[in-house]
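Chemist: Residues per chain are reported as follows:
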Amino acid sequence: MTTAIPARSGAVEAGAAAPAPVRAARGGFGRFLIRRVLQALAVILVVSVIVFALLHALPGGPARGVLGQQATPEQIAAFEAANGLDQPVVLQYLSFLGRSLTGDLGESYLLNQSVSDAIALRLPKTLLLTGLSLVVAVLVAVPAGIYQAVRRNRAVDYWLSTLAIVAYSTPTFFLGMLLILLLSQNAGLFPAAAPQGTGIAEVLAQPAGLVLPVLTGAVPIVATFSRYMRSSTLDNLGEDYVRTARAKGTAYRRVVLRHVLRNSLTPVVAMLGYYLPVMFGGALVVEQLFNYPGMGLLFWSAAQSSDFPELLGCVLVISVATVVGSLLADLLQALLDPRTRGGLR
Amino acid sequence: MSDVVLRIADLNVTFDTDSGEVPAVRGIDLEVRRGRVVALVGESGSGKSVTSLSVLGLLPATARVSGSVELADGEALRDVVSTPEEQLVDLRGRVASMVFQEPMTALNPTMTLGDQVAEAVLNHERVPRALARERAVELLRSVGIPEPERRAGQYPHELSGGQRQRVVIAVALACEPRLIVADEPTTALDVTVQAGILDLLRELVAQHDTALLLVTHNMGVVADLADEVAVMSGGRIVEHGPVEQVLLAPAHEYTRALLDAVPAAPPASTVSVGAGSVGAGSVGAASVGAAAPPAEGPGDDREIVLDLRGVSLEYRVQGRHVRAVENLDLTVRAGEMLGLVGESGSGKSTAGRACLGLLAPSEGEVLLLGTSVARARGRARRRLLADVGVVFQDPGGSLDPRRLVGESIAEPLAIHGRDGRRLSPAEKRARVRELLDAVRLPAGAERRYPHEFSGGQRQRIGLARALALRPRLLVADEPTSALDVSVQAEVLQVLRDLHAELGFGCLFISHDLGVVHELTDRVAVLRSGRLVESGATAEVFSAPRELYTAELLASVPTPDPVAQRERRAARLRLAGTGGDL
Amino acid sequence: MTGLRRFARNRLAVVGAVALAVLVLFVLVGPLVYPTEQVATDLGAANLPPGVDGHPLGTDALGYDNLGRLTVAGRVSLLVGVLAGALATVVGTLWGAVAGYVGGVVDAVMMRVVDAGIAIPAIFLLLVLSTIVRPTVGMMIVVLGLVSWLVPARLIRAEALSVRTRDYVVAARAMGATHRRTVLTHVIPNTVGTVVVNATFQVADAILLVAYISFLGMGVQPPTTDWGAMLNDGINYIYQGAWWLILPPGLAIVIVVCALNFVGDGLRDVVDVKGRTA
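These protein sequences, in sequence, are chains A, B and C.
According to this note's numbering, the first sequence is numbered sequentially starting from 1.
According to this note's numbering, the second sequence is numbered sequentially starting from 1001.
According to this note's numbering, the third sequence is numbered sequentially starting from 2001.
Any given hint might turn out to be false.
Stated by the list, open to error - Negatives, chain C to chain A, calculated, CB over 10 Å:
{"no.": "1", "residue": "R2006"}
{"no.": "2", "residue": "D2115"}
{"no.": "3", "residue": "R2181"}
{"no.": "4", "residue": "V2183"}
{"no.": "5", "residue": "N2261"}
What the hints assert, rightly or not - Residues from chain A shown here face chain B by an in silico Cβ test under 7 Å; the list is partial:
{"no.": "6", "residue": "F52"}
{"no.": "7", "residue": "G103"}
{"no.": "8", "residue": "E107"}
{"no.": "9", "residue": "T244"}
{"no.": "10", "residue": "A247"}
{"no.": "11", "residue": "K248"}
{"no.": "12", "residue": "T250"}
{"no.": "13", "residue": "A251"}
{"no.": "14", "residue": "H259"}
{"no.": "15", "residue": "R262"}
{"no.": "16", "residue": "N263"}
{"no.": "17", "residue": "P338"}
{"no.": "18", "residue": "R339"}
As the list claims (entries may be wrong) - If you want a taste of the chain A side facing chain B, the calculated C-beta under 8 Å gives, among others:
{"no.": "19", "residue": "F79"}
{"no.": "20", "residue": "R99"}
{"no.": "21", "residue": "E239"}
{"no.": "22", "residue": "D240"}
If you are wondering where the hints come from, they were derived from the structure by calculation, not from laboratory data.
Yeah, the Cβ is synthetic: ideal placement off N, Cα and C, and Gly gets one too.
Pulled out of the complex, with its shape left as it was, chain A reads as follows (with noise of 0.2 Å):
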């Protein structure tokens, strides 16, 4: 499921649950972009669709999702007929397609600003946050797993296995929680509430208010990748390959550092971007509960407030941006496997 936090494919079915890999092998990797590119374009259709669904799905239709609840019959009748309602559903979309396309979604009426505006603002917060999450919990999951997978079978993998499930069993916001009794009401080491401002630079500014969410977002991934990277590790840890190397003479560590190490990193590169809406969801959770001011929170006050052309333009722009975000992980997978990579000459 694509649930929040929640990735089960994830710590298990790593493989199957993958989206269906686009083998480039034989196309070549031209082709392969073509194809992929392809394939993402129809994916945001898609979404749109949803995305356009959801608009009319609200109670008392768009002109009041947008006008809020408050509006009276006269003016939802002008909004109607000042914004095409009254036209056919397949005209009405194709004209919501063409504003989403030029970066009009509407005006919040919560905030008193464009949703572009108020999601411009905010996105690249969002994206520090769950790129930070990203690159420690990747710093932690790779030697884990690589650990884990060498030790295979032994009481350290074991217990860390169990530990991976457990963590992964963690509701985001609980282990925000107990973090925020130890590490900021018992211990005082790290602030419970993150930085605020309205620039990443007021953001950064503050590092110690970032210890706390940023580590909150990395253990799910952690519990996650860690997995993926063992179980990764283990297929390549069988292959003749390794067998080769070893009987050149190469060391164990080396063969495991230099051969076998580039080889599972290639798959557990393309299930980032499977993974990306996983982290959004999470980022959500964290920024509610540490009250960084992303996206997520963001999102959260417009629900509090059924401010629906916030909502739905937020839904909108993380779609892309997790549609956007796996085909780089895709491509950046088919450029670090040579088998692919070689119909770029």
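With chain A fixed as given, assemble chains B and C onto it according to the hints.
Modeler: Structure of chains B and C alone, referenced to chain A:
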């Protein structure tokens, strides 16, 4: 004494598994001397591969080893069994190295070929990186890789299987070890490619005075390369001696049985006939003209059960059409066995799928009993398919693991009924028992699951299923390729008996010329999707009209070391006349 | 080796199964042997620490007995989790099986829909939906189920694609078996193991998701509650050290989700045996 490069004494290997300790090697002794080729032969489970891995200390952690495996390092003998891993690293590749079976996976896919060869050098010698690279290029050149400078910068997937195996050999040679262990080095390769690799190994051993421990199940390969043979069975060496003695006058009954089970390769004299005619023609395949018309025995009026007329087959890869078979004509008559032979990529299996109606031809027609299978629909199609049976290569995959063997065998009965009516459970049971009996499996087998049977037994179960409805045509796609020779002989005997009894027409698809020679009446040779030649098996194999067929035949090694020497000479003559091996 | 023995050999799986049984017993039988007032508020007895006035786990801000609240909240969490997980499994399995078996354009279109669904983070979608429809228990089940079917769909599609190319399926087709027969006798029996294992994880994830929605204040409405909502209520008192409002529901979630994951791993050990050579 100082000649000894490897001395194995009382080696025992057991594996810890869920079901207790399983012995794999039980007390073997073996010596390999400088410049000698010692073959270790046996069937799967004989312990030969385990022995080969123990030479370099590469056994998995679950293995328990006792006895000694000594490698000559300078003047000293170092015991691999008692040497700790950190010191083994120094021995591997320098004193002894290894070549593996599967060239497609033996190399790191994300590292350049040059780097992989150079790594072997750098592991043992303190030389600058650039120098190691130069050495790598030289090594690639010495194993017959064309344009080694360019190839060194390429990745494994850019090379063919045979070339990759040459690179693996280059890696093994990098530090000029005194011993190379080769574990089934040509098993995954086509027979013409295999011949090239065997030539290379022979040449390298002679040039460098390297000893070779050759692990293989293929007696022909043994005859081609080995000086000495040790025959393994059940973890023990049952016979050991010079190659002529063991292969031509085996003393042990197991060796005799093993050699008896090997299908006879077409006689050696045949090759020189083909070679002679080509030598005279001297221009090769093109001059012989278009593919010969499908020869049939004159006056054969048996019913044609399978008829391929100008069939072309395509499949799609990433939206591109790839032509697998082009303009193929074939016929199979009732009661006849037609062998369809070719190397990998020849399109023989694709053709087989078309005969089963699994693939519609893009041109031409596939007629089953006179009816186009691609055009038949619904009930008519099912009735047509009721007259066709199929046996696949993989004995593990062709039976549904979740269904009882009896259910699998009865599946055609369940689909079609018999004589237009459904069978009662009792009738089905009776028929299943009959079929089990026909393929020589005990009663009661129908109540068990496929994983409880061995590969050969599963292949016979598959055969029983294929014959459940007494089909008029049997399509057998490499039915014995995954089996050991003794098991293969068993399965083929069952097939031959049932064929004689039931008189179905059979399309027998195989890459194994020996099996086809032994089994079939007529043969069709396929190359790159085109029919090269066809005709009575005896004629085609004794006097091939096409250079390719002659090369193919000459490349099959025969398990007779004396005859094999002649075959090799004949093959090299052929290659000299403009063959494109 | 039988499936049960194989399962029993995975010690964590056994621990998980026992923990699940205990938790289910706790939420089902608990209110019967330990009845508490969970509808009318009692502000006079608000925020009592554990052990005071006969409240073993204290009381919350509205004076509800915390232990009793844990049991009734657990009923909602487990009910929604199990039913939503089941719904997701059924929808996802059908969608994935059809896409994987039919293949071609149908597959491509169906999978783009799945991709799009996955691209929208579930929490975002759920929050939008809960502003549109009033979140009752029944509604939560439907909405969560409809958001969670995407991963099983992908998983089953991959499985169906792979089963479809197995020799025994090809052989059945070559014997003239109809699609219906092939799917019923070969494809479904050989994917059912994957489905069952995944269903376990699906339920675990649904329980987590319910908790997230409730924690964000968009879940079931009071006086109905669930573990996530209890945490949401409790967080306001975290700075006053009211740990008893946080730890019990939080640990309950962790334990039940862990247990389901352990059980799922154990089931996979059982399922993976198929086709393995003896």
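Chemist: Hints first: check each against the structure and report whether it holds.
Modeler: Against the structure, the hints come out as follows:
No Cβ of chain A approaches the Cβ of R2006(C) within 10 Å, the least distance being about 17 Å, so the stated non-interface status holds. Chain A draws D2115(C) into its interface by the beta-carbon criterion, the shortest separation being 4 Å against a cut-off of 10 Å. Every Cβ of chain A is farther than 10 Å from the Cβ of R2181(C); the closest lies at roughly 26 Å, confirming the non-interface assignment. Chain A leaves V2183(C) outside its interface by the beta-carbon criterion, the shortest separation being 19 Å against a cut-off of 10 Å.
A cut-off of 10 Å between C-beta atoms contradicts the statement that N2261(C) is not in contact with chain A; the least separation is 5 Å. Taking 7 Å as the C-beta cut-off, the interface hint given for F52(A) is violated, the closest approach to chain B being about 31 Å. Taking 7 Å as the C-beta contact cut-off toward chain B, the hint placing G103(A) at the interface is violated, the least distance being around 34 Å. With a least beta-carbon distance of about 44 Å to chain B, the hint placing E107(A) at the interface is violated under the 7 Å criterion.
Of the supplied interface hints, the one on T244(A) holds, with its beta-carbon coming within about 5 Å of a beta-carbon of chain B, less than 7 Å. The interface hint given for A247(A) is met, as the beta carbon of that residue sits about 4 Å from the closest beta carbon of chain B, less than 7 Å. The interface hint given for K248(A) holds, since its Cβ lies 4 Å from the closest Cβ of chain B, which is under the 7 Å cut-off. At about 6 Å, the closest approach between the beta carbon of T250(A) and any beta carbon in chain B falls short of 7 Å, and the interface hint on this residue holds.
For A251(A), the suggested interface contact is upheld, since its CB lies about 5 Å from the closest CB of chain B, less than 7 Å. Of the supplied interface hints, the one on H259(A) holds, with its beta-carbon coming within about 5 Å of a beta-carbon of chain B, less than 7 Å. Annotation: interface hint on R262(A) holds; nearest CB of chain B at approximately 5 Å, less than 7 Å. Look at N263(A): its Cβ gets to within about 6 Å of chain B, closer than 7 Å, so that hint holds up.
A least Cβ separation of about 4 Å between P338(A) and chain B falls short of the 7 Å threshold, and the interface hint therefore holds. Annotation: R339(A) was flagged as interfacial toward chain B, and the flag holds, the nearest CB pair being 5 Å apart, inside 7 Å. The beta carbon of F79(A) is not positioned within 8 Å of any beta carbon in chain B (closest approach about 47 Å), and the interface hint is therefore violated. Against a cut-off of 8 Å between C-beta atoms, the interface hint on R99(A) is violated, since the closest Cβ of chain B lies about 34 Å away.
Interface hint status for E239(A): upheld, as the beta-carbon distance to the closest one in chain B is roughly 6 Å, under 8 Å. For D240(A), the suggested interface contact is upheld, since its CB lies about 4 Å from the closest CB of chain B, less than 8 Å.
Violation of the numbered hints given earlier is confined to hints 2, 5, 6, 7, 8, 19, 20; the remaining hints are satisfied by the structure.
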